Every structure is written in structure tokens, then in C-alpha cells.
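Asker: Residue strings, one per chain:
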Amino acid sequence: MATIDLDTTRKELKAFILETFLFGDDSEAFGNADSFMEKGIIDSTGVLELVSFLEQNYGITVGDEEMIPANLDSVDNLAAYVQRKAG
Amino acid sequence: MKIDAAAAAEALQAEIRRQIGRVLKKSGAVIGISGGIDSSVCAALCARALGPGRVVGIMMPETDSSPESERLARVLSDKFGFETLKEDISGGLAGLGCYQRRDEAIRMVFPEYGEGWKNKITIPTNILEKETFNYFNLTVENPGGEVFTERMPLKAYLQIVAASNLKQRLRMTTLYYHAEKRNYAVVGTGNKDEHMQGFFVKYGDGGADLKPIAHLFKIQVYQVAEAIGVPKEIIKRTPTTDTYSFEVTQEEFFFGLDFYTMDMLWHAMENNVPSAEAAEALGLTVSQVERGYANIKRKVMATEYLRMAPLEVGEAK
Chain A
0 MATIDLDTTR
10 KELKAFILET
20 FLFGDDSEAF
30 GNADSFMEKG
40 IIDSTGVLEL
50 VSFLEQNYGI
60 TVGDEEMIPA
70 NLDSVDNLAA
80 YVQRKAG
Chain B
0 MKIDAAAAAE
10 ALQAEIRRQI
20 GRVLKKSGAV
30 IGISGGIDSS
40 VCAALCARAL
50 GPGRVVGIMM
60 PETDSSPESE
70 RLARVLSDKF
80 GFETLKEDIS
90 GGLAGLGCYQ
100 RRDEAIRMVF
110 PEYGEGWKNK
120 ITIPTNILEK
130 ETFNYFNLTV
140 ENPGGEVFTE
150 RMPLKAYLQI
160 VAASNLKQRL
170 RMTTLYYHAE
180 KRNYAVVGTG
190 NKDEHMQGFF
200 VKYGDGGADL
210 KPIAHLFKIQ
220 VYQVAEAIGV
230 PKEIIKRTPT
240 TDTYSFEVTQ
250 EEFFFGLDFY
260 TMDMLWHAME
270 NNVPSAEAAE
280 ALGLTVSQVE
290 RGYANIKRKV
300 MATEYLRMAP
310 LEVGEAK
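Protein sequences, first through last, are from chains A and B.
For what it's worth, numbering that gives the first Met the number 0 labels the leading residue of the first sequence as 0, then goes sequentially.
For what it's worth, numbering that gives the first Met the number 0 labels the leading residue of the second sequence as 0, then goes sequentially.
Simulated from the structure, these hints should not be mistaken for lab results.
Here the structure is a predicted model, which is why all the values come from computation and not from measurement.
Every residue, glycine too, gets a C-beta built ideally from N, C-alpha and C.
Be aware that a few hints might be false.
To be verified - Straight-line distance between alpha carbons at most 25 Å, and here's what the computed DSS-like set of lysine-lysine pairs gives:
| no. | chain 1 | residue 1 | chain 2 | residue 2 |
| --- | --- | --- | --- | --- |
| 1 | B | K24 | B | K154 |
| 2 | A | K38 | A | K10 |
| 3 | B | K298 | B | K154 |
| 4 | B | K1 | B | K210 |
| 5 | B | K1 | B | K296 |
| 6 | A | K38 | B | K201 |
| 7 | B | K201 | B | K296 |
| 8 | A | K38 | B | K129 |
| 9 | B | K129 | A | K84 |
| 10 | B | K191 | B | K231 |
| 11 | A | K38 | B | K296 |
| 12 | A | K13 | B | K154 |
| 13 | B | K210 | B | K191 |
| 14 | B | K296 | B | K85 |
| 15 | B | K231 | B | K1 |
| 16 | A | K13 | A | K38 |
| 17 | A | K38 | B | K298 |
| 18 | B | K1 | B | K235 |
| 19 | A | K13 | B | K298 |
| 20 | B | K296 | B | K129 |
| 21 | B | K296 | B | K191 |
| 22 | B | K154 | A | K84 |
As the list claims (entries may be wrong) - Pair by pair, the computed Cβ-Cβ distance ranges are:
| no. | chain 1 | residue 1 | chain 2 | residue 2 | range |
| --- | --- | --- | --- | --- | --- |
| 23 | B | A161 | A | D25 | 25 to 33 Å |
| 24 | A | A14 | B | E149 | 47 to 55 Å |
| 25 | A | L21 | B | N270 | 34 to 42 Å |
| 26 | A | L5 | B | Y202 | 38 to 46 Å |
| 27 | B | T237 | A | S51 | 28 to 36 Å |
| 28 | B | G94 | A | K38 | 37 to 45 Å |
| 29 | B | V312 | A | L5 | 52 to 60 Å |
| 30 | B | N182 | A | G30 | 53 to 61 Å |
| 31 | A | S51 | B | E140 | 22 to 30 Å |
| 32 | B | E103 | A | T60 | 42 to 50 Å |
Stated by the list, open to error - One side only, chain B facing chain A, incomplete, derived with CB under 7 Å:
| no. | residue |
| --- | --- |
| 33 | P51 |
| 34 | R53 |
| 35 | E130 |
| 36 | N133 |
| 37 | Y134 |
| 38 | R150 |
| 39 | L153 |
Work out the full structure, taking the sequences as your base and the hints as a guide.
Answerer: Pasting the structure below:
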């Protein structure tokens, strides 16, 4: 797989979060380091939706042991995780 | 966490009388009874508060229910003297497509799933060991006794839950039929663990006129049960969901922790007990306490919508 640019990945992931969970409304803007759970953007069902997106969009498989906040709970964490898995 | 359970029961009974009579203007109580500790305590409190002649316990088994649930419900009604009725909701659920829709979703994960198989949903139960999001595993057992488990993709998970929730919603509908024909109130039986962490179905078992034990931790419900004389075999029964054909405990299905540890952690968190102090008292590490605190907080926050009344725009006049 071609190397994925970290900044591009961040932008794609942020766009997905905004579109899927906030209906494209960015008035409640969140930073790349902000926790989705603490900001109330994603619940446990949302995490499953996010995992489906990662698996389909980046061709990776998210293991059970990888379902942790350090990988999935902010744009920065997600982008770094995707880079590690797909890079 | 230790309460004066006899005094608490007396206070609850007074409040049940006030709420049903003065606030709701109803003349009795209808309760779905499952032979579990929570519904047993609520039914017993109502029978003591209102008199057994003003309480009706409804047993609502369906295809996947354990026969033990009905037996224990009868043990309870014999002890407290209230009337019981049995409404088998299997036919209604089949009419709503509950089983067919659920099985269709299970076959998205296990295509060979069919007649004679059992199923259950579980979450990770090591939440103190590792900070993890709650994800959902589907476990099935074939007629030969072989067990298979897979993490569920979103679509299958949502459909299985939506189909299974028809059970609680049909039970709520059935309870309101019996309540309305008697001018009685429907009593919800959720405890604090269930109510605040969202372990109930909105407009299903969450649909009720009053919820007398929604402020009590599970381990306090046990104390009240002992104080008012709920039969021992009900108190000793392991809490299950009684929703899936493959028996699943509430710890496996939802909470991911045993009740004692969870309630003690929650109580400590609510009282701002420092992690180190709670860790020492509970024989846990500081990291385990912090993971426990975080898990409870996340669940309370993520399930807030379940406790919300329908949202309105502006103020109703």
C-alpha cells in the first residue's frame, strides 16, 4: 500500500467524524487532540461505526486488543494508528 | 454502602404510596416479574406499601426465557401474596418478526446459524486490566455444543439489538394494558447501575410511571431484599439478561465488572475518594481504579439520551 500522508489522513478522518456524527455542522469545532468521548461526539456504537470506516477505507483490520482510546479516541490518535497499521 | 435497609424499605414504601396515590392518582401497581432480584424487591415493596390486593405481577416469558424465571416469580408471589398473571409474548414477538430479524442479523456473522442454535452478546470483562472501548462479541453454540465467538460489525450489532429490544417493548405494552384496565401504575424495576449506565431499553423496560429503586446500587438492592424477606433462592440467583437463548450474565453482557467492585468504585468516585485510597480499600491498583472510574463515567455519559424525555423546541404552553 502506498504511504499515507499523516496530514491527509487527519483531514479525511476529521471530515468523516464531522459528517457522520455532527451532520457536517462544525459549529461545535473540536481539535485534533480532543477526546471524542469526553466531547460527547461518539458513544460505543459510534466507535463501531468508526471501526467500520477504518477497515473499509484504509484496508486494515482493527484487532480486539486495539479497541482502545490510545488508538481511537481523537483525530491525532486515529491518524497515528492508521499510519502504523497501513504504513 | 451499607444502608439501614429496614428503614430504607419503610421510606420507599411511603414514597410508593405517595407517588401512586397522590401524584399519579392510580389505585395500584402492575410490575413485570422475572424472578430476578430487582423486580422481586419492587414487587415486594409494592405489596407491603399498597397491600397485596392492589399489586399484580405479570410474568412475560418468550421462546428464549429460562423456565427458572417463572418458577422463581411464583415463589415470590406466594411469599408476598399478590396476584400473578402469565402472558406468553412469543406469538406477539414472532408476529413482529423479532426472531426472524434477529436470526437474519446473526447470519451476517455466522451464515450457518439456524434451528437449534443458541446465541448471546457479550462485552470484554477485563475492563480494569486495560482501558478499552466497549465492543460487542456475538457468541453462538451449535446443536453439537460447539461454541464460536466473533466481534460484531456495526450493521449486525444494530439489527440484533433492535430485534431483541422488541422483547422489552412488547413487555412494556403488555404491562400498560394490564395497568390501564385496572387504573394502576406501571412500576419500573431498574436499579442505579442499570438506570445510570443505560442498561435498559428506552420505552421498553425503561417505560414506566415510577422507578422506586433507580437510586439504589445493586448491592444496596440486595440489602433491602434481605431486610424485607425476599426468598433466598431469588437473592442467590446470578443476574442474567434472560433475553438471549444462550444464558448470559449481566456482567458479561453489559457491565464488564462484578457488582461489588463496580458499586464500590462508583460510590468512591461519587464521593471524590482519591484513586490511591480507593485502591487500598478495594485491593486494586491505582491504574485499575482509574480505569474503573473512566469506564463508569463513559457509560453514564454515552447513555444520557436513554434517560432523556423527548426533546421539544421551545417551551410547551
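Asker: Sort out which numbered hints this structure fails and list those numbers smallest first.
Answerer: 1, 14, 24, 29, 32, 33 and 34
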